[in-house]
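Student: Letter by letter, the chains look like this.
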Amino acid sequence: EADIYQTPRYLVIGTGKKITLECSQTMGHDKMYWYQQDPGMELHLIHYSYGVNSTEKGDLSSESTVSRIRTEHFPLTLESARPSHTSQYLCASSDLLLAGGTDTQYFGPGTRLTVL
Amino acid sequence: AQSVSQHNHHVILSEAASLELGCNYSYGGTVNLFWYVQYPGQHLQLLLKYFSGDPLVKGIKGFEAEFIKSKFSFNLRKPSVQWSDTAEYFCAVTPNQGGKLIFGQGTELSVKP
Chain A
1 EADIYQTPRY LVIGTGKKIT LECSQTMGHD KMYWYQQDPG MELHLIHYSY
51 GVNSTEKGDL SSESTVSRIR TEHFPLTLES ARPSHTSQYL CASSDLLLAG
101 GTDTQYFGPG TRLTVL
Chain B
1001 AQSVSQHNHH VILSEAASLE LGCNYSYGGT VNLFWYVQYP GQHLQLLLKY
1051 FSGDPLVKGI KGFEAEFIKS KFSFNLRKPS VQWSDTAEYF CAVTPNQGGK
1101 LIFGQGTELS VKP
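Chains as they are written, first to last, in the working numbering: chain A, 1 to 116; chain B, 1001 to 1113.
Please note that a few of the clues may not be correct.
Reference excerpt, derived from the structure (chain B facing chain A, CB under 10 Å, subset only) [what the hints assert, rightly or not]:
#	residue
1	Q1006
2	N1032
3	H1043
4	L1044
5	Q1045
6	F1051
7	W1083
8	T1086
9	G1099
10	L1101
11	F1103
12	Q1105
Quick caveat, the hints were computed from the structure, so don't treat them as lab data. For every residue, glycine included, the Cβ atom is placed at its ideal position computed from N, Cα and C.
Generate coordinates for the entire structure from the input sequences, incorporating the hints supplied.
Tutor: This is the structure:
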């Protein structure tokens, strides 16, 4: 099973602040993902990456941005946080089918963000 | 567009009761199917998955799921639930050849001791 790390686990900040949510995985997975999840609701894909220097927007529109400079690292940034960004953000990774993997996604513990 | 539907939003059971959580998907091609579980305060964990072969798959903690292709279903079952099974359960689907993982809306299971 993949080891996925997210920091911080909890974050409370004021409106207008710039924040970066960190996500790292140690399994060498090529694919990484960011999901947004509100309490009791389904997960919505907001960003994904198939490898270094590859980033794509997901199904749910998000004002956040991501980067993938290293295989193991996939940070998410909000330039100016707003109360509407309050949510839980989940990071996941998976290996490539083409590389003999199973494309099974493994999730990190999440970051619960509250914007006041 | 692909979609996943979980029939029950909230299920309440007593310990030792049998569990079946419904999951239906809409996609015309071959799919990979997953059940994830999220215990209170914990991260999303893989419960079981189906890629091919025997349509009855067994997962961790005594859970199993049956893939019925003709019904586009992948229902989760457990013969006898425990209080520790209280959690949110998510069904998810991805095309067999790779692609985005589509989640259902989740089913909250509460088990009374």
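Student: Go through the hint on G1099/B and say holds or violated, using the shortest Cβ distance to chain A against 10 Å.
Tutor: holds, 9 Å
Student: Hint L1044/B vs chain A: min CB-CB distance below 10 Å?
Tutor: Constraint on L1044/B satisfied, holds at 4 Å.
Student: Would the stated hint for F1051/B survive a check requiring a Cβ distance to chain A of less than 10 Å?
Tutor: The hint holds - F1051/B has a Cβ within 10 Å of chain A, the shortest such distance being about 7 Å.
Student: Go through the hint on N1032/B and say holds or violated, using the shortest Cβ distance to chain A against 10 Å.
Tutor: holds, 7 Å
Student: With a cut-off of 10 Å, does the beta carbon of Q1006/B approach a beta carbon of chain A closely enough for the hint to hold?
Tutor: Since the shortest Cβ distance to chain A is 9 Å, the answer is holds.
Student: Let's test the interface hint: is any C-beta of chain A closer than 10 Å to that of W1083/B?
Tutor: violated, 20 Å
Student: Close enough to count: is the Cβ of Q1105/B nearer than 10 Å to one in chain A?
Tutor: At about 4 Å, which falls below the 10 Å cut-off, the nearest Cβ of chain A leaves the hint on Q1105/B intact, so it holds.
Student: Does the CB of T1086/B sit less than 10 Å away from some CB of chain A?
Tutor: violated, 14 Å
Student: Should the interface hint for L1101/B be scored as holding, given a Cβ-Cβ cut-off of 10 Å against chain A?
Tutor: With a minimum Cβ separation of about 6 Å from chain A (threshold 10 Å), the hint on L1101/B holds.
Student: Are F1103/B and chain A close enough, Cβ to Cβ, to be under 10 Å, as the hint says?
Tutor: Constraint on F1103/B satisfied, holds at 5 Å.
Student: Using the nearest Cβ pair, does Q1045/B come within less than 10 Å of chain A?
Tutor: holds, 7 Å
Student: Could you check if H1043/B really has its C-beta closer than 10 Å to a C-beta on chain A?
Tutor: Since chain A brings a Cβ to about 4 Å from H1043/B, closer than 10 Å, the hint holds.
When held up to the earlier numbered hints, the structure conflicts with 7, 8 and fits the remainder.
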